[in-house]
Amino acid sequence: MTNLTLQHARHLQLAAQGLLVAPAKTATPLAVRRCIDRMQLLQIDTIHVVARSPYLVLFSRLGHYPARWLDQALARAHLFETWAHEACFAPMADLALHRAYNHQTRRHWGIANGQAILARQRAELDALLAHIEASGPVKSSEFERADGEGGGKSGGWWGWKDEKRWLEALFATGELMVTRRDKFQRVYDLAHRVAPGLANLTLPQVDAVRTQFIEKSVQALGVTQARWVHDYFRLKPRLKDADLDELVEQGLLHRVAVEGWTVPGYVHASNLALLKKIVAGKLEASHTTLLSPFDPIVWDRERASVMFNFDYRIECYTPEARRRFGYFVLPILHRGELIGRLDAKAHRAVGVFQVKALYLEPGVTLADNAVLNVAEAIAHCAAWHETPEVKITRTQPGALRVRLRKAISLLAKA
0 MTNLTLQHAR
10 HLQLAAQGLL
20 VAPAKTATPL
30 AVRRCIDRMQ
40 LLQIDTIHVV
50 ARSPYLVLFS
60 RLGHYPARWL
70 DQALARAHLF
80 ETWAHEACFA
90 PMADLALHRA
100 YNHQTRRHWG
110 IANGQAILAR
120 QRAELDALLA
130 HIEASGPVKS
140 SEFERADGEG
150 GGKSGGWWGW
160 KDEKRWLEAL
170 FATGELMVTR
180 RDKFQRVYDL
190 AHRVAPGLAN
200 LTLPQVDAVR
210 TQFIEKSVQA
220 LGVTQARWVH
230 DYFRLKPRLK
240 DADLDELVEQ
250 GLLHRVAVEG
260 WTVPGYVHAS
270 NLALLKKIVA
280 GKLEASHTTL
290 LSPFDPIVWD
300 RERASVMFNF
310 DYRIECYTPE
320 ARRRFGYFVL
330 PILHRGELIG
340 RLDAKAHRAV
350 GVFQVKALYL
360 EPGVTLADNA
370 VLNVAEAIAH
380 CAAWHETPEV
390 KITRTQPGAL
400 RVRLRKAISL
410 LAKA
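If you read the sequence shown in numbering that gives the first Met the number 0, its first letter stands for residue 0, the second for the next number, and so on.
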């Protein structure tokens, strides 16, 4: 087996995710699609204290780009929405895989609720489908609530009006798809109109789908332990080394030894050339950026801890009194390491990007050039948000606040 240092493993995972080096070229619409192809999935979340997560995940990899390019990729059917890791965008080329797995195997609350509504209210769902067939795509906001008020309550299925639950049920069961988003609201249409080739689509057997998702997971992760593979596409059950033996024998996966790991790692055959460059020192980490809380790098808390010595928990769904770091905390990636995190808010109306708090990881100290790199990452993110004025409220350690403010001031004058 190839022997890797932990740094090699980190660099390979970041390279596979498009986060090892700073973007060399100006972003293009095609680069957005290729970025999602590389990740396999782009998780969707609606929180927007800064840019919503899918847009921020792309910014971390592509730099400055118009957020509308993601919306356009969906509207032009380069992507589709599906339940996978959670609600995700996925490449349209993988439509058959996701539909097969969701129909035959996946046990997600969204799909389970959709199936339950389908069983109880088939007549109402058929009436809604007939309305869409006759009138065209719809948003849930087009239907009034029973109390006469438009829109729906936030929260789970219990807080939604009937039409919203029905639309989501039909989406979960595959009869509707999301044809586009309008101010991030889903716009639903009949599945065969969103994906015209659907009628001729042959759904693969679930075992074949599972194998492909395993391959895609290992490919997207760069290097991984067997026990982390299932989380990427939320496969069940968790995998063991023996489950990957056949793929290793076929040469599709390669086992590697990673410094400090008591179990083997796995690298997809398509990443071997990348691995050789990293081991040979021909590819070094040079990227500093802010990550979304829903970035694939930190999806799996155990994996982030083992790979990067970074204990990360999403706290936006945690009661305020129990939060350690803040509501929407962005990990800070600096040259191959996760060195800290910051709680940010984009005040778009007044053009201010507020860093409410920034925390370095225990034992991390930043030289002047590293402070400048972090300041640049914050300033670039702020500029992309169209909130160019950066305000840093608090840092830990406290002295870092003055150093960052000075660096950001110098960048603004440059």
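Be aware that a few hints might be false.
List of simulated lysine-lysine pairs, DSSO-like, C-alpha gap at most 27 Å [claimed, not checked]: (1) 239 with 215; (2) 163 with 215; (3) 281 with 182; (4) 281 with 24; (5) 239 with 275; (6) 344 with 405; (7) 24 with 355; (8) 182 with 215; (9) 390 with 344; (10) 390 with 355; (11) 182 with 163; (12) 215 with 160; (13) 344 with 412; (14) 160 with 138; (15) 138 with 163; (16) 24 with 239; (17) 412 with 355; (18) 405 with 390; (19) 275 with 215.
Worth flagging that the hints you see were computed from the coordinates, not collected in a lab.
All values reported here derive from a predicted model rather than from experimental measurement.
Each hint, compared with the structure:
no.: 1; hint: 239 with 215; in the structure: holds, 17 Å
no.: 2; hint: 163 with 215; in the structure: violated, 33 Å
no.: 3; hint: 281 with 182; in the structure: violated, 43 Å
no.: 4; hint: 281 with 24; in the structure: holds, 20 Å
no.: 5; hint: 239 with 275; in the structure: holds, 26 Å
no.: 6; hint: 344 with 405; in the structure: holds, 20 Å
no.: 7; hint: 24 with 355; in the structure: violated, 32 Å
no.: 8; hint: 182 with 215; in the structure: violated, 31 Å
no.: 9; hint: 390 with 344; in the structure: holds, 10 Å
no.: 10; hint: 390 with 355; in the structure: holds, 8 Å
no.: 11; hint: 182 with 163; in the structure: holds, 17 Å
no.: 12; hint: 215 with 160; in the structure: violated, 37 Å
no.: 13; hint: 344 with 412; in the structure: holds, 23 Å
no.: 14; hint: 160 with 138; in the structure: holds, 12 Å
no.: 15; hint: 138 with 163; in the structure: holds, 8 Å
no.: 16; hint: 24 with 239; in the structure: violated, 40 Å
no.: 17; hint: 412 with 355; in the structure: holds, 23 Å
no.: 18; hint: 405 with 390; in the structure: holds, 11 Å
no.: 19; hint: 275 with 215; in the structure: holds, 20 Å
Checked against the numbered hints given earlier, this structure breaks hints 2, 3, 7, 8, 12, 16; the rest are met.
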